[in-house]
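Novice: Protein sequences appear in the order of chains A and B.
Once you know that position 408 of the first sequence is 408 in UniProt numbering, the rest is easy, because the numbers rise by one and skip nothing.
Once you know that position 440 of the second sequence is 440 in UniProt numbering, the rest is easy, because the numbers rise by one and skip nothing.
Don't take every hint at face value.
Given that identical chains are not distinguished, each listed pair holds provided it fits within a single copy or across any two copies.
Below, in silico cross-link-like pairs of lysine-lysine (DSS-like), each with a Cα-Cα straight-line distance of 27 Å or less [to be verified]:
# : residue 1 : residue 2
1 : Lys-148   : Lys-55
2 : Lys-420   : Lys-402
3 : Lys-208   : Lys-174
4 : Lys-224   : Lys-295
5 : Lys-183   : Lys-347
6 : Lys-208   : Lys-135
7 : Lys-435   : Lys-347
8 : Lys-15    : Lys-471
9 : Lys-430   : Lys-347
Calculated from the structure, these hints are not laboratory results.
Remember, predicted model here, so these are calculated numbers, not experimental data.
There are 2 protein chains.
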Amino acid sequence: MGRLPALSFDPLNIKDFASESNKVIEFITNYYKTVHKYPVRSQVEPGYLQDLYPKTAPFQPTSLETILQEIQTDIIPGITHWQSPNFFAYFPATISNAAFHGEMLCNALNIVGFNWICSPAATELEMIVMDWLGKMFNLPQSFLFEGKGGGVLQGSTSEALVCLLAAARDRALKQYGEESITKLVVYASDQTHFVVKKAAKLVGIPPKNFRVIPTSLATCFALKPNDVKMAIERDLESGLVPLFLCATVGATSSSSVDPVEGLGLLAQKYGLWLHVEAAYAGSAFVCPELRHYLKGIEHADSISMNLHKWLLTNLDCSCMWLKKPSVLLDSLSMTADYMRNEASESKQVVDFMDWQIASGRRFRALKLWLVLRRYGVKNLMTHIRSDVDLAKHFEALVKSDKRFEVVVPVNFSLVCFRLKPNEETEESLKILNWKLMEAVNSSGRAYMTHAVLGDIFVIRCALGTSSTEEKHVNELWNLIQEKTRHILKEKCWNELQFPI
Amino acid sequence: MGRLPALSFDPLNIKDFASESNKVIEFITNYYKTVHKYPVRSQVEPGYLQDLYPKTAPFQPTSLETILQEIQTDIIPGITHWQSPNFFAYFPATISNAAFHGEMLCNALNIVGFNWICSPAATELEMIVMDWLGKMFNLPQSFLFEGKGGGVLQGSTSEALVCLLAAARDRALKQYGEESITKLVVYASDQTHFVVKKAAKLVGIPPKNFRVIPTSLATCFALKPNDVKMAIERDLESGLVPLFLCATVGATSSSSVDPVEGLGLLAQKYGLWLHVEAAYAGSAFVCPELRHYLKGIEHADSISMNLHKWLLTNLDCSCMWLKKPSVLLDSLSMTADYMRNEASESKQVVDFMDWQIASGRRFRALKLWLVLRRYGVKNLMTHIRSDVDLAKHFEALVKSDKRFEVVVPVNFSLVCFRLKPNEETEESLKILNWKLMEAVNSSGRAYMTHAVLGDIFVIRCALGTSSTEEKHVNELWNLIQEKTRHILKEKCWNELQFPI
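Input sequences plus hints: build the corresponding full structure.
Specialist: Okay, structure coming up:
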């Protein structure tokens with residue numbers, strides 16, 4: 001029974017591991033040193049890569065050197081450079097040496113942490129960092145493991161929402177009967193990220209029972225509790241079952257902040273699950289001076305935030321805390337013979353697979369722990385404040401030019417602005433600003449995206465990639481000025497069709 | 001408007017990036033060189049890490065050196081070493097230099113690929129590798145983008161199932177009305193992984209409508225199409241709506257294989273969505289000699305597999321293909337102003353956020369592309385065959401000892417066996433084998449897990465970590481022999497209580 005020659009292939013080749021890794025590190029170092037030179041938004045045409053590459057996988061192997069060369073020539077042109085200091089689109093996906101090294105270690109150990117025994121350190125470190133974070137953000141004790149609540153790391157806010165909505169749903173179905181699933185109602189605002197609606201649909205709540213409550217400039221696009229109350233009352237009169245209310249703190253569109261306290265009292269009165277979605281802004285609460293936006297958080301049932309946006313953790317690292325894990329476990333906990341073990345049966349341990357959709361899970365806590373340890377709360381505060389300062393700086397530049405308008409308050413590090421040279425109609429301002437934004441983006445020198453607030457088209461300048469400095473913000477402003485001059489010189493911009 | 005001193009903190013510190021990364025590479029190299037020496041299953045007690053660590057995050061930063069030292073002293077003892085050559089539990093989570101470097105590059109670029117414009121290369125490379133893989137596994141053309149189907153990379157089979165079940169559900173609700181959600185029925189076997197049941201529950205299908213069809217040793221725990229047919233007929237008679245049938249190819253419990261062809265014909269007849277779940281075994285289909293297990297795959301609507309199990313891609317890399325992406329998009333597609341862009345509106349591009357739960361997504365295709373390019377189909381075939389050979393070798397060792405029994409055929413690289421010295425009852429054999437397995441596991445020299453097939457308790461020996469060689473299999477067998485001698489010498493083993 002001698003071994004077949006199969007072993008001639010060694011996928012975990014330790015002999016070459018360090019030298020190969022060094023080549024990759026060199027490639028990455030070079031990328032970071034040059035990333036500011038690339039067009040920020042990729043300028044390729046649809047199908048560019050399909051045209052370059054063969055239709056079947058190669059039978060023979062290729063060297064790492066050749067592959068790195070191809071990444072440079074073929075892949076890099078198709079990358080929109082989220083790590084460019086001139087990336088101001090969406091929200092930044094911030095990175096750090098600590099998170100990068102955390103990912104390396106996570107990948108090297110490559111444990112599958114579905115339950116405690118699969119690697120006790122993974123579960124216990126996650127519990128530790130979730131409590132650390134909760135305290136760092138000044139969340140109420142009731143969200144911490146120490147306070148009989150708890151938190152978990154997932155890949156996305158969407159996954160967290162699916163789990164929480166399923167938990168809320170199953171608790172309601174137990175009370176009202178399973179037929180009542182078509183009567184459950186979810187409430188959010190017109191600024192709420194669409195993933196909340198998608199998650200509600202995923203868990204089987206009819207899309208027609210998803211209430212999109214309108215907001216307006218008068219409240220800076222925050223929900224008015226009274227509007228929610230009226231919607232709830234109407235649904236109750238129609239025999240429906242109000243289930244879940246999502247408050248957003250730092251909405252994607254304009255960083256608007258729903259009043260958590262007012263919504264919390266309402267949720268309590270009517271027995272709704274209140275979730276606070278702070279995907280982007282959550283990281284800011286490391287700074288005491290920004291925590292007023294979370295006022296009333298003690299009334300919430302759960303909160304989620306994506307540290308992979310603003311807290312230097314690379315993708316992905318999404319946090320969710322809730323006060324009553326038992327409601328989640330009642331809905332999601334399931335197992336099988338082949339996973340049974342004495343630690344789980346003893347009920348002395350947490351098995352995080354019961355807190356999420358999937359069974360398998362990466363050791364994300366290691367990365368987060370590295371970020372917290374290597375930088376300390378001190379530097380994380382500095383990091384957030386530095387980005388808020390950059391946003392204030394850009395806001396001041398915009399305000400210094402009378403042709404421009406900052407449309408909503410700059411709560412965190414997002415500036416929503418527009419060019420408004422004269423008394424134009426909203427429709428023509430929409431076209432003008434689209435054209436300005438496109439002129440900036442197609443120059444390759446910066447990338448910004450837009451939002452539509454009510455009927456106001458705004459350009460979003462989201463500050464804070466890990467390499468953006470004041471000089472990049474100044475360059476962006478010069479670029480905007482330059483493109484504005486060109487556009488306003490053109491006669492017929494307001495006769496254009498809006499392209500999307 | 002001078003910059004505040006905030007910039008004194010630089011999270012993306014390029015100056016130190018290479019030297020720090022080298023320290024991490026050195027740590028990892030040392031880990032791989034010594035991993036065979038650690039107890040495979042962690043031997044810590046619940047709470048060990050909570051007792052070591054402070055209750056709040058540090059305010060001041062800590063050096064990388066100190067952190068790596070703490071990982072060695074505090075974290076490593078709490079790791080169950082999935083990368084040990086002596087890990088035979090669950091299924092292996094195989095790794096490779098190529099995937100490791102792919103993850104490094106993915107983390108360095110750190111793009112968020114929700115739609116095409118966010119990084120065209122990410123979307124296009126994913127489409128390319130999904131078609132490459134589909135052809136490599138000999139899937140029908142109809143599952144490929146080339147054939148109007150398509151594939152997508154996700155984090156887990158669970159996520160894929162949630163999406164597919166939601167798509168099947170929404171198509172049915174459109175036909176039968178939204179009230180019919182409580183009438184939808186999902187079929188699977190008692191060997192099906194519990195994540196299918198969990199996914200069905202997540203999308204709002206009542207747990208009482210999840211049919212667990214019993215299997216038995218007579219079919220080696222494969223589903224009998226006729227049993228499914230009878231269940232469907234019964235449900236139709238009760239006015240229910242048969243929706244979704246899950247066939248498993250390579251079940252977690254025993255690697256049993258459901259007859260895809262027979263189930264496919266049945267699904268067609270009754271209009272059910274047929275999904276083939278091949279999380280573990282899918283990777284094997286790179287080898288033509290193993291593809292007979294997929295016979296009838298052309299009748300399926302979708303198929304999923306976790307390449308992070310057996311195809312050297314590190315966690316996570318889960319694949320899903322389906323024939324009619326439009327059904328998925330009808331259910332999952334949703335967007336908002338702030339994501340609108342000309343490429344998406346043109347309908348010329350794929351936006352993968354519409355193929356999954358979350359919006360954000362990592363550039364996993366890069367990792368998979370590196371694995372395919374660096375090794376080529378040739379080495380991937382060698383890799384699978386080498387593990388199948390190891391399993392055959394272990395099977396032969398077990399069969400050479402008359403006190404042992406191999407309980408089901410070794411289809412891939414999993415051997416389900418048990419010690420059966422005499423004519424004992426199933427209950428006492430259960431205790432005996434549990435004791436044997438625990439003796440092996442608590443020795444720290446190897447780690448295996450169990451399954452219960454019908455009423456037969458088996459020890460699962462899952463071969464194939466990236467470093468397991470024939471000598472490790474021989475050592476495992478010697479260890480089993482040694483522990484068997486001890487246990488059989490003890491008088492009262494059959495008076496013990498089964499611990500879980």
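Novice: Evaluate each hint against the coordinates.
Specialist: Against the structure, the hints come out as follows:
no., hint, in the structure
1, Lys-148 / Lys-55, "between (54 Å within a copy, 15 Å between copies)"
2, Lys-420 / Lys-402, "within (8 Å within a copy, 87 Å between copies)"
3, Lys-208 / Lys-174, "both (22 Å within a copy, 13 Å between copies)"
4, Lys-224 / Lys-295, "within (15 Å within a copy, 58 Å between copies)"
5, Lys-183 / Lys-347, "neither (35 Å within a copy, 35 Å between copies)"
6, Lys-208 / Lys-135, "neither (38 Å within a copy, 41 Å between copies)"
7, Lys-435 / Lys-347, "between (60 Å within a copy, 21 Å between copies)"
8, Lys-15 / Lys-471, "between (44 Å within a copy, 20 Å between copies)"
9, Lys-430 / Lys-347, "between (58 Å within a copy, 23 Å between copies)"
Going through the hint list in order, the structure does not satisfy hints 5, 6.
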